[in-house]
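Trainee: Respectively, the protein sequence lines represent chains A and B.
By this note's numbering, the letter at position 258 of the first sequence is numbered 258, and the numbering carries on one by one without gaps.
By this note's numbering, the letter at position 92 of the second sequence is numbered 92, and the numbering carries on one by one without gaps.
Read the hints as simulated data drawn from the structure, not as lab findings.
There could be a bad hint or two in this list.
Unchecked claim - Pair by pair, the computed Cβ-Cβ distance ranges are:
1) A:S273 / B:A73: 43 to 51 Å
2) A:K101 / B:T54: 27 to 35 Å
3) B:S82 / A:H237: 38 to 46 Å
4) A:Y18 / B:T108: 30 to 38 Å
5) A:H184 / B:S58: 25 to 33 Å
6) A:T53 / B:T108: 15 to 23 Å
7) B:E23 / A:K101: 51 to 59 Å
8) A:G228 / B:L100: 46 to 54 Å
9) B:L83 / A:T53: 28 to 36 Å
10) A:G179 / B:N79: 34 to 42 Å
11) B:K91 / A:A95: 32 to 40 Å
12) B:L100 / A:S273: 44 to 52 Å
Here a beta-carbon is modelled for each residue, glycine too, at the ideal position from N, C-alpha and C.
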Amino acid sequence: MSDAYAFLLSHLPSVLSYLISDHKDLEELRMSIGSEVVLVSASKRIRSPIICTQALLDDTVSQLTDYSFYSHEDTVKDGYLSLPHGIRVGICGRAICENGKICAIRNLSFLNIRIPRQVCGMARPLYEKMREHCFSKGLLLYSLPGVGKTTALKDLAATLSQNGLSIAVIDQRGELSAGLLNLHAAIYRYYPKKEAITMAIKTATPQLLILDEISAEECSALLSAASGGIPVIATAHGKDIVEIVKRPGFTELFEHGLFPLTARLDRSGDRISYHFSAYPFLKGV
Amino acid sequence: MLRIIGLCMLSVSFAAGGFVIGEHIKKRHLDTLYLLSLIKHLKREICYGRNTLTVCYSLYKDGRNQRCTKLLAERSFQNALSLLHLPSSQKERLLLFFTLLGSEDLQTEESRCENTILFLEEEERELRRTLKDRIKIAQTVGICIGGSLLLLLL
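Pulled out of the complex, with its shape left as it was, chain A reads as follows (with noise of 0.2 Å):
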């Protein structure tokens, strides 16, 4: 039983974690007021006889938070909860903003606790992939949501480690360290991404520099690491990496070379697959 999955065990609602307890494969447990509590794993989607009210949602985030809601200020204002062991719950609710600026969520109608996995030798063909140029090229790896990028670059982290490597994490949610805490690595837990990567490239002085979930935000710290010629392996959202390309920022990125290798992840049930590619994508690699 993985240290997350006991962490909610204990954490739970009585009726929500007798209703996990007969499934430890979960990957997710989405919660939405008026509506049966669905339970998601690798290979199939439950929905369970358990209706959600306002009152099992709000004694679930009690619960999880310790009765301290109040001390995820910062990410419920980016709509989640990070909790110990790397578990993620996606929240949504009533916003209360001010200069367009979100001060605080009430109400609260949807929970999707996200389950970390460690999936072990599950990064091992990106690790070869890198060791094939010798370490010196940066990686993007992209999918869909969910379909287990930050497990990947969670074990890629801990092969690369492993093997020697002196990495830099950047972990604003606490989800990429989960379980990682032993290695030999400089991790970065909570920092702000655009803080964290400008740093870790001053003072960690990293081999690689390895964050989840790039966004535009983080484009121009991203290019200062590019300018002094530190890899980096970072994931995005997307099926199609043509489409990831154009996005504002990313395009400098690929220009700038920051990321002369990608990989798209597939999954169908528990089997995982890459298909990589190299900037232009005139042609595979």
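Please arrange chain B on chain A, whose structure you already have, making use of the hints.
Mentor: Using the frame of chain A, we list chain B on its own:
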């Protein structure tokens, strides 16, 4: 002879009752002070430390009412409040406060703590102002009733 002993015991118990009530008033004041210091500590830890409630309670090192603090940390609020010498209306308000504490965002928690601190400060001020008089009255009434009973029934 037995009648005299009985009457003496009756009057002594009335006088002692007065002292017990006086002691209760004193404890009520001390418990209000304890709650004030606890909630101020919680507010500080919530707003500046951003610690979870479990950590906030564990960091409270005041020696008074340790058992009560432990029960509050275990979310056994009714048992915790039953240890305090407070009127039931005050206990109800505090029960609601402790039950809801932690369920909202930082701003709401801060104002919730502030409101309770203001309420308790007012209570404490009032108690402090009348503390000596109330104790004296309780003790005097106890002694007077005891003494008068003794005189009347002898």
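Trainee: Indicate, hint by hint, whether the structure satisfies it.
Mentor: Hints versus structure:
1. A:S273 / B:A73: 43 to 51 Å: Given a distance of about 50 Å, which is inside 43 to 51 Å, the answer is holds.
2. A:K101 / B:T54: 27 to 35 Å: Roughly 31 Å apart at Cβ, these two residues keep to the hinted range, so it holds.
3. B:S82 / A:H237: 38 to 46 Å: 53 Å, violated
4. A:Y18 / B:T108: 30 to 38 Å: 32 Å Cβ-Cβ, so the 30 to 38 Å window holds.
5. A:H184 / B:S58: 25 to 33 Å: 32 Å, holds
6. A:T53 / B:T108: 15 to 23 Å: Hint holds: Cβ distance 22 Å, inside 15 to 23 Å.
7. B:E23 / A:K101: 51 to 59 Å: 55 Å, holds
8. A:G228 / B:L100: 46 to 54 Å: Given range 46 to 54 Å: holds, Cβ gap about 50 Å.
9. B:L83 / A:T53: 28 to 36 Å: 34 Å, holds
10. A:G179 / B:N79: 34 to 42 Å: 38 Å, holds
11. B:K91 / A:A95: 32 to 40 Å: 36 Å, holds
12. B:L100 / A:S273: 44 to 52 Å: 50 Å, holds
Violated hint: 3 only; the structure is consistent with all others.
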